[in-house]
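Q: Start from chain A and add chain B according to the hints.
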Amino acid sequence: MSEIMENPKGGCVLAGINSVLSAIHRTCPVYHSGPGCCMQTTAADQGQSGHKHSCFVSGVSIPSSNMLEKEVVFGGVNKLRTTIQGAVDIIDADAYFVLTGCTAGIIGDDIVSVTNEFKTKGVPVYAIETPGFAGDSSLGYEAIWNTFIDQVIEPSEEKDDKLVNIFGIVPYHDPFWSGTLEEIDRILSKLGLKVNTFFTKKQGIETIKNSSKAALNIIINPWLFKGPAKKFENKFNVPSIRFPGLFIGATDTSEFVREVGKALNLDSELVEKVIREEEEYVYNYLAQAIGVVSWKRFAVVADANNAVAFTRYLANDYSFTPVLVIISEPIYRQEDKERIIKRIENLEYANPPKILFLSDQYEINEAIRNEEKEITLLVGSSNDREVALEKDIQFINGAFPVNERLIFNRTYAGYKGSLTFTEDIYDNL
Amino acid sequence: MAALMSLEDSVFISHSPQGCVGCAIMAVDMYRVGQAHRGIKNIKNPRLIVTNLDQKSVVFGGEKKLKEAVNKAVTRYNPKLCFVYASCASGIIGDDIDAICGELQKEYPDTLIIPIHCEGFKSKICASGFDATFIAINKYILKNEKVEKEEGLVNLFAPTTVSYADQKEMERMLSLLGAKANYIPFYSSLEKIKKIPAAVASTSICKVFADEFMNTLWEDYGIPYSHTVMPIGIRNTDKWYRGIAKVLGKEKEVEEIISREHERIEPLVKSIRNRLQGKRVFICGGTGRSFAAAALIDDFGMELVGLETPTYDADAQIDIEYLNGIHKDFVVDIANMQPFEQVNLVNRLKPDTFIGVPDWAAKLGVPTTHVLDGKRPTMGYDGLLFLGNKIADQLENPGFNKKLAKHVKLPYKDSWYNENPFKYITEGGK
Chain A
13 MSEIMENPKG GCVLAGINSV LSAIHRTCPV YHSGPGCCMQ TTAADQGQSG
63 HKHSCFVSGV SIPSSNMLEK EVVFGGVNKL RTTIQGAVDI IDADAYFVLT
113 GCTAGIIGDD IVSVTNEFKT KGVPVYAIET PGFAGDSSLG YEAIWNTFID
163 QVIEPSEEKD DKLVNIFGIV PYHDPFWSGT LEEIDRILSK LGLKVNTFFT
213 KKQGIETIKN SSKAALNIII NPWLFKGPAK KFENKFNVPS IRFPGLFIGA
263 TDTSEFVREV GKALNLDSEL VEKVIREEEE YVYNYLAQAI GVVSWKRFAV
313 VADANNAVAF TRYLANDYSF TPVLVIISEP IYRQEDKERI IKRIENLEYA
363 NPPKILFLSD QYEINEAIRN EEKEITLLVG SSNDREVALE KDIQFINGAF
413 PVNERLIFNR TYAGYKGSLT FTEDIYDNL
Chain B
9 MAALMSLEDS VFISHSPQGC VGCAIMAVDM YRVGQAHRGI KNIKNPRLIV
59 TNLDQKSVVF GGEKKLKEAV NKAVTRYNPK LCFVYASCAS GIIGDDIDAI
109 CGELQKEYPD TLIIPIHCEG FKSKICASGF DATFIAINKY ILKNEKVEKE
159 EGLVNLFAPT TVSYADQKEM ERMLSLLGAK ANYIPFYSSL EKIKKIPAAV
209 ASTSICKVFA DEFMNTLWED YGIPYSHTVM PIGIRNTDKW YRGIAKVLGK
259 EKEVEEIISR EHERIEPLVK SIRNRLQGKR VFICGGTGRS FAAAALIDDF
309 GMELVGLETP TYDADAQIDI EYLNGIHKDF VVDIANMQPF EQVNLVNRLK
359 PDTFIGVPDW AAKLGVPTTH VLDGKRPTMG YDGLLFLGNK IADQLENPGF
409 NKKLAKHVKL PYKDSWYNEN PFKYITEGGK
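From first to last, the protein sequence lines are chains A and B. Using the working numbering, the letters of the first sequence map in sequence onto residues 13 to 441. Using the working numbering, the letters of the second sequence map in sequence onto residues 9 to 438.
Just to be clear, a hint being listed does not mean it is correct.
[Claimed, not checked] In silico lysine-lysine, DSSO-like type, Cα no more than 30 Å apart, as pairs:
{"no.": "1", "chain 1": "A", "residue 1": "Lys349", "chain 2": "B", "residue 2": "Lys64"}
{"no.": "2", "chain 1": "A", "residue 1": "Lys64", "chain 2": "B", "residue 2": "Lys411"}
{"no.": "3", "chain 1": "A", "residue 1": "Lys349", "chain 2": "A", "residue 2": "Lys274"}
{"no.": "4", "chain 1": "B", "residue 1": "Lys431", "chain 2": "A", "residue 2": "Lys133"}
{"no.": "5", "chain 1": "B", "residue 1": "Lys64", "chain 2": "A", "residue 2": "Lys242"}
{"no.": "6", "chain 1": "B", "residue 1": "Lys417", "chain 2": "A", "residue 2": "Lys133"}
{"no.": "7", "chain 1": "B", "residue 1": "Lys410", "chain 2": "A", "residue 2": "Lys214"}
{"no.": "8", "chain 1": "B", "residue 1": "Lys49", "chain 2": "A", "residue 2": "Lys64"}
{"no.": "9", "chain 1": "B", "residue 1": "Lys417", "chain 2": "A", "residue 2": "Lys221"}
{"no.": "10", "chain 1": "A", "residue 1": "Lys366", "chain 2": "B", "residue 2": "Lys52"}
{"no.": "11", "chain 1": "B", "residue 1": "Lys371", "chain 2": "A", "residue 2": "Lys214"}
{"no.": "12", "chain 1": "A", "residue 1": "Lys64", "chain 2": "B", "residue 2": "Lys358"}
[Said to hold, decoys possible] From the derived model, a few chain A residues whose C-beta atoms are all more than 12 Å from chain B:
{"no.": "13", "residue": "Gly134"}
{"no.": "14", "residue": "Glu166"}
{"no.": "15", "residue": "Ser168"}
{"no.": "16", "residue": "Glu218"}
{"no.": "17", "residue": "Glu267"}
{"no.": "18", "residue": "Ile302"}
{"no.": "19", "residue": "Ser306"}
{"no.": "20", "residue": "Thr388"}
Note that these hints are calculated values from the structure, not bench results. The structure presented is a predicted model; accordingly, all values stated were derived computationally and were not measured. By construction, the Cβ of each residue, glycine as well, lies at the ideal position given by its N, Cα and C atoms.
One chain only, chain B, in its complex shape:
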């Protein structure tokens, strides 16, 4: 839902009970704020319709409700795209959304009706939903049709949490290489999605966003791609930049730009480094951001003591190996937040600062900085300065968290802080 929310001319149908669209709230807010940042005066709501499966549907099936919802979508908005999302309930009661959408497609030929298989019980990881989205886009929109190539067009895939400031920075960097970004899927449209195969290359801002899709694009359309890291911090931004430049055959040009950018920002980074050198950090974030942030702190000479990240795979291991090369000794917690593990670790490790969702560490009195800020800059060379100053300022002025910790107690028993933080990780998830 979050991945597609800002598409033009689209209606989103959640084939679920009412509560399941709760997950869209953050994306709805980002969409509204994103419009404001883009200078739009008449800010719109996303067109999100819930079929509202209830006790009756659970017994008799929800087909009728889904058909009615699609009918409403078409009558109201005559959209180019209509996405239909599955839910736990629709999945278990066995509503065949593919067949229903197929039937509806014949009835409404002017709207592309696209089912997406995102039954909640399929995965604990929301990035699985990104994959499901791109599988559906490939199957129902691109359909292996060949289109004419457009010189210099690069698919730039970006997750929900990328701010407009970051989008502009990424587009600026690509334009320095003579490339034009096809920014997908945020604030894009059916036309821009259809242009995906016209691109000469693809890259993504997040490691776990569109990574499989970029590979599919290589297999189906022969579009080369760069899958590197999230461009946060000098090292990662360089790596990301070189990655896409190599695919575009601009290795020489990118080195010139990079050295120019370094020359511009290094004195500024140095002044931040003077403030942060040797400080011990605990990081918690999504897969892309947590590893990127861990690399970023090296720019400032900080020491990593703990890292909490939601997924682990071969790709993550590459990052861990890299971090092993820089930092002496740090704990890795593969956990989708799991605040109880986090507070145990933070309390044990006593970092000088915490980077990530601040809700819990703040109540322990540790200075915190939020990295998942989808409304302000984080990425590229300029984002680095914003983030660095933010970390340093918040570290040097920790009064709020210190006073908060004196007044507020976390919900955990004192005994928990003496337990092994990984006590509840059992074999086979028992």
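Looking at chain A on its own, in the form it has when it is part of the complex:
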């Protein structure tokens, strides 16, 4: 399912898959596609994610079969075979994944039989048969995890009661992904947990293979990963909890910590001690700049995960006034929309904002343009800057796509991230 869209935020399925593979240590995507797709898909996610891209292979360094007219007519499996062989010969990766471009998908090339030739020789080459036109980057995130569950993760009877898997933070499609995962890792480690983020700490294909040993899958996202979570639980007997949105600041982060503690039956004294320490750290700083950031009536345009986080922090923790929240990624299931609305509307003191689900940039611009209430702060993507400039609203480029800043390990999430976010909101005007 797809809609006509102006200035779409993100790429196709291949972009989402490529983003995940790029973030896993020593993993090599191989494209069976037209000549532009490597660059297109890298540009669509990594290219708009604060200018950071995979150091291993990305864009033009990704092996591709470069299907031209000849392959469209006669099929491209021979070219795919030599492309994989070349990749295996010269690229020092632990695993290779073959992605299906629109061309290969439409003409119906049999990719699995080619990857099987390599597998029988003991070379770890896996096929992903979801073609580009099947959906967007978010679907790509689920498609690659389905591939891991079906083909890569090894079953394990033994569980490690301190090991957890983190899902729902999509590399590159969330520009702050590495910093966010590092912050989550830092907090959970203080609870004595071992954390599979999969995309930091040089975790690679071995971590994925052994992820079935985890005691709990933690999904940090209000809607993504429903199918894979169920599949993961059925196949590997790992239950999951869903925290319905990313967390910024003491209130939501502490709620998250308590949820994890409850799910894993952790010592509540330890949980409360960690929360106390972290909250003290945050408030020690907040107390040193009271009234410095002027009061704002704000709007947010972001993917659901970040929209929840921005809105709840600014409203609950910083006492700003929420006016309008636009969820700018396509979400199709009604239950998901309801979960998102509930999380955003359920604020402690503030009145709930107007919530819209719009992915088309024209419609987003019109919604902000025609908003009757005054907006003095907009947290959004590079695409949303135009309307902020037009309406002279203070603008924070805090959501994907991010073209106007360089992001390494910066995050707005968690305890420490909330301070960074607050720093960034400050303007001396």
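A: Relative to chain A, chain B alone:
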């Protein structure tokens, strides 16, 4: 897409799955930065609509979606121009964008609806897309209509990657010849495109940009043109300048200007030459820039050891012959980047410096300088100084790359560096 992105009063419709507009990101960024450089405060997004072909469209065709997208474009923006881009998917499923656009044109007479045939599988070279663009402009906008000539008007065709600083330098140089530039297609408009046939001459900043179109303009409108080189470095800038001056009948004037410019910059070039003399260089870039950069290094007395360029044709051979005359022995790699070939060659040749996209050479510890900088000056006499100082400064202070190389390994196996870099070039592309 990149070629047209900055046109005024235009909507761009990509008849494709969502991911295909990924290619536009760099152009979108350049467009936004370009507006900032031009002093525009309220920076706009380009109006880019994707029809988002999906599984259903692949089976039933995408005609309905395309019609809906054009309808949205017209209702929202009432644009003068609406470009419709084909994609791999639309091409293979057989959507007839010409016929659909023809039909839509009758429905929306105030918007010029222009299909562009840029199915991705048609070519590995993005410059083919530039040609497709100009073919469409000629067929749907100019339509062989005769317009009144405008004295001194010169079509100046420039690719995406030309910065505003470079645009101003080129316009300054043309104005010294008494010419007024019709800068196409960046930050131009339907009106400026329609003025193309009114020009008395054409020239291009890039060798592979509008080269065929300029010839078409000669055939259809009798507009003479100059197709020389990219004006990077003294020799190339002189050559480019003399080329257009000759077409304008200003040979005498241009020599005076050139000698004046030389007098101004030669002492400055000499001081850069003192820093770069004899240094060995590897160059990688687009067709225009790579050859231009190879000529440029001669201004600084540098020695070419390797050249990576995406296309090869008779035109490229002229450049290679020219370089053969200056440099003793250098490797030419015809490759659209192909980083694995590049790192093998760079590791083998051990140049003192690398000019081009720095991603890979930097990790080998080689000092690097980027030439594809669409945000800062590169061209003309002043661009030369900027570029020269940049190369010299980065060569003399290579700490970042040296330390980076100690910490980061490229993805290639050690054994690859001992293989023939051209091992994977096979007959017939097997």
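Q: Does each hint hold? Answer for all of them.
A: Cross-check of the supplied hints:
{"no.": "1", "hint": "A:Lys349 x B:Lys64", "in the structure": "24 Å, holds"}
{"no.": "2", "hint": "A:Lys64 x B:Lys411", "in the structure": "19 Å, holds"}
{"no.": "3", "hint": "A:Lys349 x A:Lys274", "in the structure": "26 Å, holds"}
{"no.": "4", "hint": "B:Lys431 x A:Lys133", "in the structure": "23 Å, holds"}
{"no.": "5", "hint": "B:Lys64 x A:Lys242", "in the structure": "27 Å, holds"}
{"no.": "6", "hint": "B:Lys417 x A:Lys133", "in the structure": "27 Å, holds"}
{"no.": "7", "hint": "B:Lys410 x A:Lys214", "in the structure": "23 Å, holds"}
{"no.": "8", "hint": "B:Lys49 x A:Lys64", "in the structure": "27 Å, holds"}
{"no.": "9", "hint": "B:Lys417 x A:Lys221", "in the structure": "24 Å, holds"}
{"no.": "10", "hint": "A:Lys366 x B:Lys52", "in the structure": "26 Å, holds"}
{"no.": "11", "hint": "B:Lys371 x A:Lys214", "in the structure": "18 Å, holds"}
{"no.": "12", "hint": "A:Lys64 x B:Lys358", "in the structure": "28 Å, holds"}
{"no.": "13", "hint": "Gly134", "in the structure": "17 Å, holds"}
{"no.": "14", "hint": "Glu166", "in the structure": "25 Å, holds"}
{"no.": "15", "hint": "Ser168", "in the structure": "30 Å, holds"}
{"no.": "16", "hint": "Glu218", "in the structure": "18 Å, holds"}
{"no.": "17", "hint": "Glu267", "in the structure": "34 Å, holds"}
{"no.": "18", "hint": "Ile302", "in the structure": "33 Å, holds"}
{"no.": "19", "hint": "Ser306", "in the structure": "22 Å, holds"}
{"no.": "20", "hint": "Thr388", "in the structure": "18 Å, holds"}
Comparing the model with each earlier hint shows no violations; every hint is respected.
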